[in-house]
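Spelled out from the first residue to the last, the chains are:
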Amino acid sequence: MRSLRGYRGRLSLLMGAFVIAIIAAFGFGEDGVNGVSAFNTANPGDLSAAHANFTKDVGCAACHEAHDKTATQWIQAAWTPGNLSKKCSSCHTFDGPAESPHNKTFKIDGAVAKTECAMCHTEHKGAGASVVAMSDQQCHACHEKKFTSFSDGHPKFSKDFPSRRRTAILFNHTSHLDKHFQNKRYVDKAPKQRCVACHDTALADRNVPVRAFEKTCAACHESQIAKRDLQLLTFPEFEANPFDPAEILAACGLTKAAQEEVGELSSDLAKNLADLQDGDGSKDLTARVNEMKAKLGLGDPPTAVEEYESVSTETLPPLAVLLLGVEDGEDPESYTGPMRDLVNAMIESGDEAVLELLSERTKSAKQLLAGMSPELARSVACAWAGNQEYEAPSESSLGGWFADELSINYRPLRHGDPVVRGWLDLAVVAGTPDDVRNLLLSKSEGAGACAKCHSVSREGGADKAVKVEWQFGAQSDQRHVRYQHKPHLNLLGLGASCETCHTLNPDAEYDAGFKHIDPLNFASNFKSIENKTCATCHAKDKVKQECTLCHEYHNDHSIRKKVVSNIQEK
Amino acid sequence: MSRRSKLPKIFFGLISIVVFGALFWQSKVIMLRLGEPAILTGYTLMASMLLLGFFNFRKKLSMIPIGRASTWLAFHVVLGVFALALFGLHVGVFWPQGLYEQMLAGSFYMVSLSGVVGYALQRSLPRRLTQTGVEIIYERIPAELAEIRERVEALVLECTEKSGSDTVAQHYMGTLNWYFQKPRFRLSHFVGGDAGGYWLRGPGGAARRYINDVEKEYFDQIIALAELKSLVDRHFVCQGVMKKWLFLHIPLAVAVIALAIWHLILVNVYVI
Amino acid sequence: MVDVGGVATMERPQRWATPFGLDVSDDDIEMLLKRSDIAAIEADRFPAHTSLEGVLRNDARIVKYRQGDLVVREGDYGNSAFLVLDGNLRVVLAPKLPNDMLGRHQTRKKGFFEALTQLWTNETIPEVRNISGYKQQGLRGSADSPDARVFLQDVPAVLDEHRTAVLQEGALFGELAALGRVPRTATIFSEDDAVLLEIRWQGLREIRKYDEGWRRKIDQLYRESALKNHLQESKMFGGLDDEKLDAVSNKVLFETYGSFDWNVSFQRLRGGSGQEPVLARQGEYPDGLLMIRAGFARVSVKHGTGERTITYLGAGDHFGLGELYAAWKNPEIEDMAMKTSISALGYVDVLRVPAPVLEEHVFPFMEAPATTIMDLASTPVADDALMEWAVDERFVNATRAMVIDLEHCVRCDDCVRACASTHNGNPRFRRHGKSSENLMVANACMHCADPVCMIGCPTGAIHRSVQSGSVIINDVTCIGCGTCANSCPYSNISMVAISDSDGRTITEPTTGKPIFKATKCDYCEGQPGGPACVRACAHDALKRVDFQEFNSTGSM
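Residue numbers (this note's numbering), protein chains in the order written: chain A, 1 to 570; chain B, 1 to 272; chain C, 1 to 556.
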């Protein structure tokens, strides 16, 4: 008879054998339904919903290289470090390197030289588990400034927070809210709802965007737009007539004046003929013919040169100088040739000539000349070529390209006119001569007045591009900070509550911040939002306050989009 | 009279508290470095389980001086508690996700629970056995019960012969026979109750009012033997429990160690 | 085992019911009585019921030794003395004979790895022996023959290498060990064929009692060789110079109480303690200090209708000092009677130092005894239960009793298995035995202070290990006679039939009877790390206990 201990020993062996059998049966088993069998001993739990389908085709091997390999490779894998991060980054890509802190090359303090996805993200915690849930401790792993929580020890917000630069549009909140509308003339236009009169809370997100110009500024400022003409070209003064009257006549036909002349001439001719017939005008017939020839411009050139007097006393405007590439817009010797060529070309091909010249400067030449009719260009050119002032067919133009006696101009159709924007953008690109730029951006006259509100900025050194800030834009380019207005608005109540956080600072020298092109040298209309403002609610035992509520680890707001596109590519 | 030395338990207890504290702290440090503390705790847990398992082999190595078994038991008990705490630190949750991990955790908990229960039984049952006043070797119990039964049956026969009445015999056939067949009232004996005595005072002794003086003499002897049997039953049950709880503890421990080794291999192949 | 009812009874055993030697013929008696040394005994002084002839016939035997036969071994316990009738014997003086020559077990401590090999070399079959090893030893006779003994195989070589003294015809030796229950002090072997008269202690005591000449002879030998040493070792007399010691030793009386064979009657009369010989009684006047030299004595006081045991005394203890000192210090006090009784526990050998000797040599130089024995009687009776039990069961004899605390013991038998693992697969004890409350003394050899098992071993196979003091059996020289097993009052020696490694019982070729060997706990002699049973107990329930210490501390 076997002793109790004997049975116990046998049972222990059986148990060991049973476990080994289970491992043998399920440890190396084929990947089952939906890639991985629940009985697979290597399955430490379901994948999160987002990753659940990974295993469909290749099973665990989708992430774990060692899976389904030969015995030797399998054993080797036990001694080699895992490289799961590589597998992650086949779908998850970032602006920076995937295995650097914040996908950026920071100054590395030694503790974390290289990051792995699995350092923070844990999988196999069940279909419902979040892979992205993080604890504050994980952030504190690297961040040297350690603190307990947001409400307790978070570094102070930067000065002028959340503003890190001046606003794109010079819009003095203080004066608009508290000054301009005091004036009885405008009091009926006063924004009764204050902030939300302009800021559209329906679209509130990271920013609360401002409604369109037409719905806001236009009420007062629309009229200022129309008067701002852009002068493209003038007919300058020449010392001698650069044009060949015969060619011009051939190309343009008689000028209007000439036609009138012809009318007169024809009556003169008839009179002369009658005189001739009557015999009355027989006297000095040759003189009469010469007189008529002169009237038709067919007179003797030698006498004409001496007689040439330019109809214009203008010089070339900067845009024309830019367009023609001449050295000096005030020196007839410098511009006569190019101007003659241009006028001739305009006679030949109308606005195409200007387009051709402009194309050498910018790709969006066509846009810059949008709405210029070939006829206008040609008519103007013919008039000028005949040393005559152009006579516009009708005086009033609603806007768009038009010409007056000695110039071709553009009048904005409305706020946001693309042609004017195009020309102003051209003005700020590198290589534009200073005088051209100054003209274009001259706030006092012409289209440059756009820059009165739309700031012209250059962030950084001289090598950086200067741009006109056409759009109401994001205040902060801090991509790792996240804030959403919407939930806060709903919580705090509409409209009036903006100023709970955004408090006007009437003392700020707001306008002074727009006297130069550096957007970072500025004074905010608002007082800085301080930590305590947020911490009023985001504090222990109140609203949650973990790091990831406001901070984004991956320095990239588009990671999700990137995953989708990466998958689509595959 | 004799006292178990608490010294080894205190000694190992203090050491394990220190070790656990160090592991806990180190885990935090590793976590703050975004490392994987489960590697440290896992290997420590594995070592602990192997050391725990070695206790069983220690029993087979009693010929060599490798410390007293009582020291080893103290070590085993303390290390068991330590391993349970370490398991919590390693797994982080009570119930893991994967089926295999659940098997591992389930077995581990069962081993731990059986260990705690077994230890409690081993601390409490010997006292109760001692209080029976009799001492008997477990393997001898079936023979002892048979012997008691034979003596009772002989008494019944003799009683019938001497008294000429079969009242006692009928009572024996109808009632007492059941009692003497095998160990009875096991649960009561296990939990320390007196169901056997209660039964003997009730149904077991019910025939007493119908018998004469001669029969009473025999009947009293039979009841005395029945009471003795109750004590033997108690030994059977309690000694049995003290032996059989290991039927759960040891095979499960083998399973846990086998499962854990495979777990360790998988983790090395797949993750680290 | 459960024991219900049934008390065994028997007739009181009579002197000479079992004679020492069965083959002492009338011719032998006649021959003996003619010898001068025996004729010198005044036979008419003997009472009729114990005549000299009767003593010779029943308490003595004639034993023949062949060349090289060992007669007595140093360290043996023996209960008989020898008179050389014929032939020459040699006493080994120096150097001493090695253990293996004496037929003793040559123990060597096992190394760690050697001990470990037992894990796989242990037999699964019980009691396997390799019989080829048995042939090495010079061993004569078998279990059935009366003259089984170990002999020296090369006597001339022994005589060459060891200094010896000759014992010629008429020499008497072994009487001190026999009367004083002390180990033999020398090894004696037969130089050539010799005839000896072996007288057991009962006979020797009779002769000493009735014959003036023998008494003087024995006492003289005793005083010279043993008594002075003993006194010198004691605390009280240690400081005396030679002259004074001589004076004291001349006045000291030595007495033996109880039966040398107490174990035999104890086994038969378990539990009866009323017949203990009393050394001194409560209420009597003390006439001298009693120094226990061997054996045990119970100190008791009247309590109710019975005697309450206060303590027990073993070798080295003394009795009566407090009363004697008080009487000497304050002669005017009236109550000088003894407050306690002392009686022999089976057997006790005492020295009685008369009061005047103490008054002259001891009391003036000592401080008053700090405590008196009566202090022990102040505790509640319940506290004494354990000691009363230990005394009743004669566990007081134990130096290494296996005591199991049943309240801690989970009955796992790990101790038994540990024992088996160190004894070739055979457990050398049973986890069962007498118990009192929660303490059980298991059936394991207690390695007695008074090892009665060793008396009568024909080959000296059972002996006390010189290295460890444990009582061990040399399996090679054990002839399976069963003397030791029968002598052990605690039934801790088992006779087992041995078998070969195939499980076949080894038998005697001529008779076909199985060969037996005596086995018992050897306290893991030779195993590293001490007794495996203690180490194997996971619950600290099993201890090996010296009852002398156990009693004094009251705990394990």
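It should be emphasised that the hints constitute simulated quantities derived from the structure, not laboratory data. Be a bit skeptical, because a hint or two may be false.
Below are the DMTMM-like pairs computed for lysine to aspartate or glutamate, each with C-alpha atoms no more than 25 Å apart in a straight line [stated by the list, open to error]:
hint, chain 1, residue 1, chain 2, residue 2
1, B, Lys28, A, Glu144
2, B, Lys243, C, Glu437
3, B, Lys28, A, Glu546
4, B, Lys6, C, Glu437
5, A, Lys104, B, Glu36
6, A, Lys125, B, Glu147
7, B, Lys28, A, Asp152
8, C, Lys251, C, Glu212
9, C, Lys434, B, Glu36
10, A, Lys56, B, Glu227
11, B, Lys59, C, Glu437
12, B, Lys28, A, Glu356
13, A, Lys146, A, Glu530
14, A, Lys69, B, Glu101
15, B, Lys60, C, Glu437
16, B, Lys28, A, Glu530
17, C, Lys96, C, Glu123
18, C, Lys434, B, Asp166
Take a quick look at whether B:Lys243 and C:Glu437 sit within 25 Å of each other, Cα to Cα.
-> 23 Å, holds
Given the hint that B:Lys6 pairs with C:Glu437, does the C-alpha gap stay at or below 25 Å?
-> 23 Å, holds
Restraint check for C:Lys96 with C:Glu123, where alpha carbons must lie at most 25 Å apart = Violated. C:Lys96 to C:Glu123 sits at ~36 Å, over the 25 Å cutoff.
Pair hint A:Lys104 and B:Glu36, alpha-carbon separation not exceeding 25 Å = 23 Å, holds
Would you mind confirming whether the straight-line C-alpha gap from A:Lys69 to B:Glu101 stays at or under 25 Å?
-> It holds: about 23 Å lies between the C-alpha atoms, which stays within 25 Å.
Under the criterion that the straight-line Cα-Cα distance not exceed 25 Å, is the pair A:Lys125, B:Glu147 satisfied?
-> Distance ~62 Å between A:Lys125 and B:Glu147 Cα, so the pair is violated.
Under the criterion that the straight-line Cα-Cα distance not exceed 25 Å, is the pair B:Lys28, A:Asp152 satisfied?
-> 21 Å, holds
Straight-line alpha-carbon gap C:Lys434 to B:Glu36, limit 25 Å | 60 Å, violated
Do the alpha carbons of C:Lys434 and B:Asp166 lie within 25 Å of each other, as the hint requires?
-> Violated, because 40 Å separates the two Cα atoms, which is more than 25 Å.
Mind checking the alpha carbons of B:Lys28 and A:Glu530 for me, to see if they're no more than 25 Å apart?
-> Roughly 32 Å separates the two Cα atoms, so the pair is violated.
Is the hinted pair B:Lys28 and A:Glu546 satisfied, with a Cα-Cα distance of at most 25 Å?
-> Holds. B:Lys28 to A:Glu546 sits at ~19 Å (cutoff 25 Å).
Quick one, are A:Lys146 and A:Glu530 close enough, alpha carbons at most 25 Å?
-> Distance ~19 Å between A:Lys146 and A:Glu530 Cα, so the pair holds.
Violation of the numbered hints given earlier is confined to hints 6, 9, 10, 11, 12, 15, 16, 17 and 18; the remaining hints are satisfied by the structure.
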